[in-house]
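Colleague: Chain order of the listed sequences is A and B.
Take any residue in the first sequence, note its place counting from 1, add 39, and you have its number in my numbering.
Take any residue in the second sequence, note its place counting from 1, add 56, and you have its number in my numbering.
Watch out, some of these pointers could steer you wrong.
Unchecked claim - Quick list of in silico lysine-lysine cross-link-like pairs, DSS-like style, CA-CA up to 27 Å:
no., chain 1, residue 1, chain 2, residue 2
1, B, K879, B, K692
2, B, K518, B, K678
3, A, K155, B, K246
4, B, K692, B, K678
5, B, K860, A, K48
6, A, K169, B, K246
7, B, K652, B, K984
8, B, K879, B, K652
9, B, K692, B, K881
To be verified - According to the in silico footprint, chain A covers these stretches of chain B (three or more CB under 8 Å from chain A):
no., region
10, 218-226
11, 600-607
12, 622-630
13, 756-766
14, 818-830
FYI, nobody ran anything at the bench for these hints, they're computed from the structure.
Only a predicted model underlies this, so the values are computations on that prediction, with no experimental measurement involved.
We treat Cβ as the ideally placed atom computed from N, Cα and C, and that holds for glycine.
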Amino acid sequence: MLELNHVDKWASQPEVGAILQAAGVTARVVDAPECRLVSGDLAAFSRVSGVDLSTALRLARDRTLVLGRTELAPGWHAEGFALSDLSAGLALVELSGTGLADLVAKATTADSGPSKAITFAGIPVVLDLKGETLGLHIERGLLAYLWSWLASALQEPSR
Amino acid sequence: MSGWRTQTGWALDRCQSLTFTFDGKTIPALKGDTVASALLASGQRIVGRSFKYHRPRGFWGVGSEEPNGIADVLGAQHRPNVQMTLEPAVQGLCLQSINGHPSAEHDRMAFLDRFSRFIPAAFYYKTFMLPDWHLFEPRIRAMAGLGRLDPAAQGFGPSVPINATCDVLVVGAGPAGLAAARDAAKAGRKVILCDEGLRAGGSLLYRPARIDGQEGRDWAAAMGADLASLGVRILTRTTAFGRYDHGLTGLAEAQPGTAAPRIWRVRAAETILATGAIERSLPFANNDLPGVMSAEAGLHYLNRFGVAVGRRVVIATTNSSAYDTARALQQVGAEVTLLDLHGRSDAGQHPFRVIAAQPIETALGRRQVEAVRLTSGERIEADTVLVSGGHTPSVHLYSQAQGRLRWDESLQAFLPGDPVLGLCVIGAAAGVFDLSRILPGQGVEATSHGGNAAVWPKPMAKGRIWLDMQNDVTAKDVELAHRENLTSVEHLKRYTTLGMANDQGKTSNLPGLALMAELTGRTIPETGTTTYRPPFTPVPLASFAGLRGGQFMNPVRRLPLEAEHRADGALFREYGGWLRPAWYGADESAVLREAKAARQGVGLFDGSPLGKIEVIGPDAAKFLDFIYYNTMSTLKLERCRYGFVLTEGGAVYDDGVLVRLDENRFIVSCSSSHVQGMGFLLEEWRQDSFDRSRVVIHDTTANYATLTVTGPKSRELLQAVGFAALDDLPHMALTFSQFEGIEVRITRVSFTGDRSYELSIRADHALGLWRRLKEAGRAFAAVLLGGEALMILRAEKGYIVVGKDTDGRTRPMDLGVYGPFEKRKGEYLGRRSLHLPAVADQARDLVGLESLTAAVLPVGAHVVETVGGKRRSRGFVTTSHYSPNLNRPIAMGLVEGGSTRVGEIVTLYHLGQQVQARIAPVCALDPKGRLLDA
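Make the full structure from the sequences, and use the hints.
Modeller: This is the structure in C-alpha cells:
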C-alpha cells in the first residue's frame, strides 16, 4: 500500500538566491548574516563590545539582535548582559518594490513602533528596514512557509 | 399586476442586455441591474418562501435591510444566502430561491401555513418531546436554516485581509458622509470612505434633490471625483460590519468571482458614522404579502433601475418622504393612491388621490397583494402597497462602541446619546433627515422629510401582523411571550426569535419592543433594545481566515537536513509541528528493522527540533529551581539532569534534560513539540517573579542541529569520526569538541535506553557532520533511525512522551517520582496544587501492560471495570507497539492504582471488543539500565 509521504504536502524550501516577483514586489532569499542575541543591560553591552546600538535590531526593552560578528563569548557577562549565537538559526528574506506597502498591509497589523519584533504573515519576524529594502529575519525552519505565503499573497487577484 | 420596466433608470446600460436564471426560469436583465431589480422588472413577485410557514414572499427593500430576497447562487460560483438586492446581475448567474421546493412559486410545504395556529413562536419548547426528542431532531434540523450549502462546492477563494490606519474613517457615502470626507481631506487628513452600495451617493442616487444648482446624483459623482483627487480611498460594496476596541472598525469589501469578501481592519484616529436610516414598515394584517414594500425602495427601483414595482399602487405613509415615490410612480403611468396617516389634507395639490388619516386594516390577496381594506371599511384595488412608517437611524456601530442610546420622542427613534471618544454620528444616523440641514449653505432643494411619526403595532389587533419576516414572527407572538411572562426585551428576542435571523431585526426589532412596551405598560426607552453585536450583515468565515488554510494552517517547521533525508529515501510525517522522517525506505516494515538494528549496533537520528533554550545569568540556577519540580541548582558544571516542569495545576507540562554549561549558563533541552510553550513559560515567570536584570531566556533551538548517535557501537563510531576522549564521558554529562573547526557540543543523554550521544552543531554546518557520521557508520552497519522506530525504542524502556503517556491530570507522583514532592522545601511551579487533596482524586499511575496473546493491544483502549452493571473506565492504554527487540507486544497505560496492582489481569475495552492484559512494570527491557553503558 502506498503510504502518503507528508513531505509532498508541503512546498519545498527555497535556496539562497531564490527570487519571487509579483504585484510590484521583489522578494529574495539572501544569505543570513552572523548575528547574536543580547539581553540585559544593553548600554553595558554597547560599552564593552563597541557596537553602536542604533545599528542593532531592538526587540524589547532589554533585548536586541546584533548583526555581524563580535568578539564576545556566548553566556553571561559580569557587566550585566547575556549573549547567545543565533547565526545559523535565522533565514533572511529581502523585499523591495513599489508594491511593498500593500504587501506589508496584508502581512501585519503592526504599526511602526520601537520594537523590530512583529508578527508578519502569522509568524514572529524581526524587521530590518534598510532604505527601500525591508529585511525579514525569521526562524530558519519557517522559511518555506514564509516563501509560500509571499507567493500566495502577491499572486491573489488585486482589486 | 406586478413590476414592469420603465424608460427611467439612470444606472442601466440599455445597450447591454444579459440573462440569468432564477428557480430555473430565464430572467432578462440589463447591465447595471441588480438581481432584484431585474426580477422585479420581469414581473417576478414571489422570490422566496418564509422560514417557518412557507408563506410566499416578495422583495421588501432595496439594500441590506432586505429580509426576503435571499437566494443561493448555484454552480461553479456557488455561494449560499446571497442578498439579491445587493447582487449585481451578471450573465449566466444561476440562482435558487430559499425555502421553496421545488421553487418559490410552487412550494410543496406551503400547506404548513394552514397549521400556523399550532406552530406559533417557541412551539418547539413544548412539543416533540415524547418518546425522545432525538427522534425528531434530524427532520427539524433539515427544515431549519435559510439557504442550502452545496457540500461538493469549492467554497470561497481566499482574500488576504488588509490592515490600514488613517486619520478619519467615514462609514457611509451618502450626502453627509461625502461632505464629511471632503472636509477632512481638505484639512489634510488621511481619509478612508466606505459604502455598502455599488457606488457612492446614498440617497442622492434615487431621491430628487438639487445641491448648488446640480442634480443630487451629479453632485455626488463630482464629490467622488473630488475626493479621489484629494487622495481619499473610497471603498464601495464595502460594509463596515463591526466596531472593536481602540478605534478598530472591520470592513468587508466584496470581491469579484468567488473570492471571499476582503476584510479591512481599519484603525482610525476618528470615525464618522454616516450610516443613514432604515425605513420602517406599518402594522396591518397580511403586511408580508408579496407586493408590500418600502416606499423608499419603490422610489429607488424606479429612479435608479427603471423598474416600477406595480401598476396600481397604494402608498401609506406617516411622513412626507413618500410623496417623492408617489409623484415618480404617477409620472410613469402608475395609478397611485396615497394614504397620509398624518392627516394632512392638502389633497388637491397632487395629481393622485390622497386620503388623510385612514390607516390600512389589512392587505388582501392570496399569493400577492390584490387590494387593501382601510379601517374605514373602504376597499381599494391595488397590486402594490408601499409603506413608510418613518425611519430608524442605523446606530449599530455606535452601540457596538458602547455608546448609550437615547430615545427621541419626536422622532420615535433611538439616537446616539453621549459622545464616544473617537466616534461621531452624522446625518440620518443621528436623526437629521433633511438634506438642507445635512448640507447647510449649499443651496439644497429637496423634499422635506416632515416628521418621523411611527405607527407601532397595537395589542389585540385582528389578523396576522408581521414583524420579523425572516423568522416569521407576528404581533401575536409578542403577545404570547408577554402572556408567558417573557417580557424583557432579551427574553422576547430569544423566545420568539424576533431579530435573530440574517437581517438581525433591521426592520423588526423596534416594532417588536414597542409592542412589548405597550403590553407591559412601559415606555419604549424603559423597555430598551437588545445588545447590538457585529457583524452588521453576514461575513463569511473565509474572510476572517484569509490565507490561513491548507498549507498555511499551522505550518510545519522544516529540518536543516530535510533535503538529505529525502535523498536517503525518508518517508516524512508531522511530529510536534515539525516535518520529520518517520522511517527510511519504501514501506513501514522499515520501522521494525531500524528499531532492531539500532539496539544491536548503532543508529543515527536527526533530533534537531530538540529544544535548546538557554537560561543565562547569576540568578539562572535559582530561577530553574523554581521552574523545575526537581532541584536543579545542585547540578554540577557540564552535567545533565532529567526533570519535569509542571503546570500551575500540578500536572506534568514537559519533561526534559537540563544541561549546565557553566555557573551562569544552562540549556533547557525540552521536548521538541513544547519549545514555543516552554519558551513562553520561562519568559513569563522570569518577568513575573524574578529580577530580569539577572536572568535571561534565549531560545537558540533553531541555531543548532542535534544529531543523535545511539547504540552499543555509538562510542566506536564517534571515535572513528574523530571525537576522542568520549571514554571518560559519563552518562548525563557534557563535553565540547570540534568538527572541521566548528564547535560541537556533545551530551551523553539517552532516549533509547542504549549508550547514546547527542551532538549539537551549528545548523549551517550540520550536513558535513551528518554525512561524516553516515560514512563512518557504514563500517558499523549503522542504520538511519526515523521517528517511528525511536518511539518503539523508548517505549521498550518505559520512557514517557508528555501528552501521550500523560494527560492534563498526570502529576509527577503518577509517574513514580515522589522525591521532590516529599522532600523539597521552597517554592516551585505547581507545588501548591500538588498539595491539594482534590488533585489526588482518581490518580492514575503509569504502568506497563502486557498482552496475553501475540496481538498488540489497542492504543486508547480503556481499562474497564463493571460497577453496578455499568462499564466504568479506570484508565487507558497510552502507548502500544510490537517490540522487535523483545519479540512481543509492549504497552504502557495510565491506570487507577496501577502501581499497586502489578501482576493483575485487567480488561480492556475498545470499539466494542474486550481484551485482557496484565499490569507490568513500565520498563519492559533492561530494567537495570545496563545498556546505557554497553
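Colleague: Given the hinted pair A:K169 and B:K246, is their Cα-Cα distance within 27 Å?
Modeller: The given pair, whose Cα atoms are some 26 Å apart, holds under the 27 Å limit.
Colleague: Keeping to a limit of 27 Å between CA atoms, is the pair of B:K692 and B:K881 held or broken?
Modeller: At roughly 20 Å apart (the allowed maximum being 27 Å), B:K881 and B:K692 satisfy the hint.
Colleague: Given the hinted pair B:K860 and A:K48, is their Cα-Cα distance within 27 Å?
Modeller: Holds: B:K860 and A:K48 sit about 25 Å apart, inside 27 Å.
Colleague: With a cut-off of 8 Å between beta carbons, are at least three residues of the region 600-607 of chain B near chain A?
Modeller: Coverage by chain A holds here, the residue count being 3 at a Cβ distance below 8 Å.
Colleague: State whether the coverage of the region 756-766 of chain B by chain A holds or is violated, taking the criterion as 3 or more residues with Cβ-Cβ distances under 8 Å.
Modeller: The restraint on the region 756-766 of chain B holds, since 5 of its residues have a Cβ under 8 Å from chain A and three suffice.
Colleague: Taking 27 Å as the top limit, are the C-alpha atoms of B:K879 and B:K692 close enough?
Modeller: holds, 20 Å
Colleague: For the pair supplied as a hint, B:K518 and B:K678, confirm whether the alpha-carbon distance does not exceed 27 Å.
Modeller: Outside the cut-off at roughly 80 Å; violated.
Colleague: According to a criterion of three or more residues whose C-beta lies within less than 8 Å of a C-beta of chain A, is the region 818-830 of chain B covered?
Modeller: Our answer is that it holds, as 4 residues pass the Cβ test (under 8 Å) against chain A, meeting three.
Colleague: With a cut-off of 27 Å on the C-alpha distance, tell me whether B:K692 and B:K678 pass.
Modeller: It holds: about 14 Å lies between the C-alpha atoms, which stays within 27 Å.
Colleague: Between B:K879 and B:K652, is the straight-line Cα distance small enough, at 27 Å or below?
Modeller: Status violated; Cα separation ~40 Å.
Colleague: At least three residues with a C-beta closer than 8 Å to a C-beta of chain A: is that true for the region 622-630 of chain B?
Modeller: holds (count 6)
Colleague: According to a criterion of three or more residues whose C-beta lies within less than 8 Å of a C-beta of chain A, is the region 218-226 of chain B covered?
Modeller: holds (count 4)
Hint compliance for this structure: hints 2, 8 are broken, all remaining hints hold.
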